[in-house]
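Peer 1: Those letters in the sequence shown? Residues 2 to 68, per this note's numbering, in order.
Read the hints as simulated data drawn from the structure, not as lab findings. Since we're looking at a predicted model, the values are computed, not measured. Cβ coordinates follow ideal geometry from the N, Cα and C atoms, glycine included.
DEER-style ranges, computed between Cβ atoms:
hint: 1; residue 1: Leu64; residue 2: Leu44; range: 30 to 36 angstroms
hint: 2; residue 1: Asn51; residue 2: Gly23; range: 19 to 25 angstroms
hint: 3; residue 1: Glu42; residue 2: Ala63; range: 36 to 42 angstroms
hint: 4; residue 1: Gln66; residue 2: Ile36; range: 34 to 40 angstroms
hint: 5; residue 1: Gln66; residue 2: Ala39; range: 36 to 42 angstroms
hint: 6; residue 1: Arg60; residue 2: Glu37; range: 31 to 37 angstroms
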Amino acid sequence: MPVSETTPFLQRAIASECLFNGDWIPVSGSVIDVIEPATGEPLMRCAMANAADIAIACRSAALAQPA
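Please construct the entire structure, taking both the sequences and the accompanying hints into account.
Peer 2: Following this line, the structure appears as structure tokens:
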């Protein structure tokens, strides 16, 4: 790759889902910017789970555990 070309560290995308118990689940929380601290440049947008989303994830994890 020539020096003049750049490849983004992370693809810019809006994530509207979180990974719970091996599945991507839509969440109700907000979306935040993930910022590269060295440059201040945005890397991507990331979904944030709220309390209800976390409760669902916890129930799912508990059900996945062996008895």
